[in-house]
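Visitor: Sequence:
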Amino acid sequence: CPSACYCVATPELVTCRYERLEEPPRELPAAVHNLSIAGSNLSILPRAAFAARPLRDLRLLRLRHDNIHTIEDMALQGLPALRTLDLSHNPLLSVAAGAFAGVPLLRTLQLNQALLAAPLEEQLALAMQNLTLRRLELAGNALQALPASLLPPGLEELDLRNNSLQRLAAAELRSLEAPELRGLRLNLGANPLSCDCALRPFLAWLRSAGSRVLDARSLRCAGPPALRGAALLRLRPEGLVCAASEGGEPGQLETASYVFFGIVLALIGIVFLMVLYLNRRGIKRWLHNLREACRDQMEGYHYRYEQDADPRCASTVGTP
1 CPSACYCVAT
11 PELVTCRYER
21 LEEPPRELPA
31 AVHNLSIAGS
41 NLSILPRAAF
51 AARPLRDLRL
61 LRLRHDNIHT
71 IEDMALQGLP
81 ALRTLDLSHN
91 PLLSVAAGAF
101 AGVPLLRTLQ
111 LNQALLAAPL
121 EEQLALAMQN
131 LTLRRLELAG
141 NALQALPASL
151 LPPGLEELDL
161 RNNSLQRLAA
171 AELRSLEAPE
181 LRGLRLNLGA
191 NPLSCDCALR
201 PFLAWLRSAG
211 SRVLDARSLR
221 CAGPPALRGA
231 ALLRLRPEGL
241 VCAASEGGEP
251 GQLETASYVF
261 FGIVLALIGI
271 VFLMVLYLNR
281 RGIKRWLHNL
291 REACRDQMEG
301 YHYRYEQDAD
311 PRCASTVGTP
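Residue 1 is where the sequence shown starts when you use UniProt numbering, and the numbers rise one by one after that.
Source of the hints: derived by calculation from the structure; they are not laboratory data. Do not take every clue at face value.
[What the hints assert, rightly or not] Label pairs and their in silico Cβ distance ranges:
| no. | residue 1 | residue 2 | range |
| --- | --- | --- | --- |
| 1 | A142 | A209 | 23 to 33 Å |
| 2 | T132 | A209 | 15 to 25 Å |
| 3 | R291 | P224 | 53 to 63 Å |
| 4 | P153 | A209 | 43 to 53 Å |
| 5 | L265 | D296 | 11 to 21 Å |
| 6 | G269 | D215 | 22 to 32 Å |
| 7 | P54 | A204 | 13 to 23 Å |
| 8 | C242 | L93 | 32 to 42 Å |
| 9 | P224 | F260 | 14 to 24 Å |
| 10 | R220 | A169 | 30 to 40 Å |
| 11 | V241 | Y6 | 35 to 45 Å |
| 12 | I270 | A142 | 24 to 34 Å |
| 13 | A204 | I283 | 50 to 60 Å |
| 14 | G154 | V264 | 56 to 66 Å |
[Stated by the list, open to error] In silico lysine to any residue, SDA-like type, Cα no more than 20 Å apart, as pairs:
| no. | residue 1 | residue 2 |
| --- | --- | --- |
| 15 | K284 | R295 |
| 16 | K284 | D296 |
| 17 | K284 | L267 |
| 18 | K284 | C294 |
| 19 | K284 | A266 |
| 20 | K284 | M274 |
Predicted model only: the values in this text are computed from it and were never measured. In this text, a Cβ means the ideal position worked out from N, Cα and C, and glycines have one as well.
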């Protein structure tokens, strides 16, 4: 067993934790099946990084928290039996097109929190094009959309938990219905799902193909505030309204409501003006009569005022 590592039970399981290794250990047992290196500073995986001694039986290679930022061509050469590769929690910046060459049996690739340092979707798509993956883990990578280019034919399980997905759009749902991805199952928990009208296609798909989302029952709304925490599968499509957009512009439904309200008010105003126009003579006569009535009333008040102000009338009233 290498001096910087320890072997558990048998030489088939080797673990090297927080030894600040700058390259993979060279004195590994030839019969090792599982190798885990964590908390080191490997930085770059060069060509044939693990080929110092043949490891023909290595099936699981876990390289977590090792500050790996570059994977060069043929980095895994000499690991013909490798089935699971875990590169999670590394700040990947560059992945060569032939990075995963030489591992024809690789079926599980774990890249959780490994795509945060740089956009690597195109590089990974080239590196993965000759793989026959069955499971791909991309949790915690702040993804805002389904990484369609990273879904090889025959993929069976995709972990997209704890990303930045607000929904799966209609085009993304159609890509999941392609014949080569019909058996794909997803994990979508801990995503900030926005439960507005744009979620309706995804909600309909989720109900019709719920078995394809392994954690469908645990999916919750992150917004709007009125639906925060609500279970997706309990929502009704008509209850998903179009909310205001991020820039403060009203949503489509709200805009339509304002337009309709404005049209109704305009029609009421037009009808009112038409009524006034058609009854202009009657209105004019009514105004004339109102003016005459006001004039008669004012003349009556004026006459009484003059009578009260006449001193003769005042003396007559005061005589016993």
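Visitor: Measuring from beta carbon to beta carbon, are G154 and V264 in 56 to 66 Å?
Guide: The hint (56 to 66 Å, Cβ to Cβ) holds, given that G154 and V264 are roughly 57 Å apart.
Visitor: Does the structure keep K284 and L267 at a Cα separation of 20 Å or less?
Guide: violated (25 Å)
Visitor: Check whether the Cα positions of K284 and A266 lie no farther apart than 20 Å.
Guide: violated (25 Å)
Visitor: So the hint says 23 to 33 Å: do the beta-carbon atoms of A142 and A209 match that?
Guide: This hint holds: roughly 26 Å between Cβ atoms.
Visitor: Would you say the C-beta atoms of A204 and I283 sit inside 50 to 60 Å of each other?
Guide: holds (58 Å)
Visitor: At the C-beta level, are P153 and A209 separated by a distance inside 43 to 53 Å?
Guide: Given range 43 to 53 Å: violated, Cβ gap about 19 Å.
Visitor: Take the C-alpha atoms of K284 and R295, compute the straight-line distance between them, and say whether it is at most 20 Å.
Guide: holds (16 Å)
Visitor: Taking the Cβ atom of P54 and the Cβ atom of A204, is their distance within the range 13 to 23 Å?
Guide: violated (53 Å)
Visitor: Could you say whether the range 30 to 40 Å given as a hint is met by the Cβ separation of R220 and A169?
Guide: For A169 against R220, whose Cβ atoms are near 20 Å apart, the range 30 to 40 Å is violated.
Visitor: Okay, C242 versus L93 on CB: inside 32 to 42 Å?
Guide: The hint (32 to 42 Å, Cβ to Cβ) holds, given that C242 and L93 are roughly 39 Å apart.
Visitor: Is the Cα-Cα distance between K284 and C294 20 Å or less?
Guide: holds (15 Å)
Visitor: Taking 15 to 25 Å as the stated bounds, is the beta-carbon spacing between T132 and A209 within them?
Guide: holds (24 Å)
In the structure shown, a violation is registered for the earlier hints numbered 4, 5, 6, 7, 10, 11, 12, 17 and 19, in ascending order.
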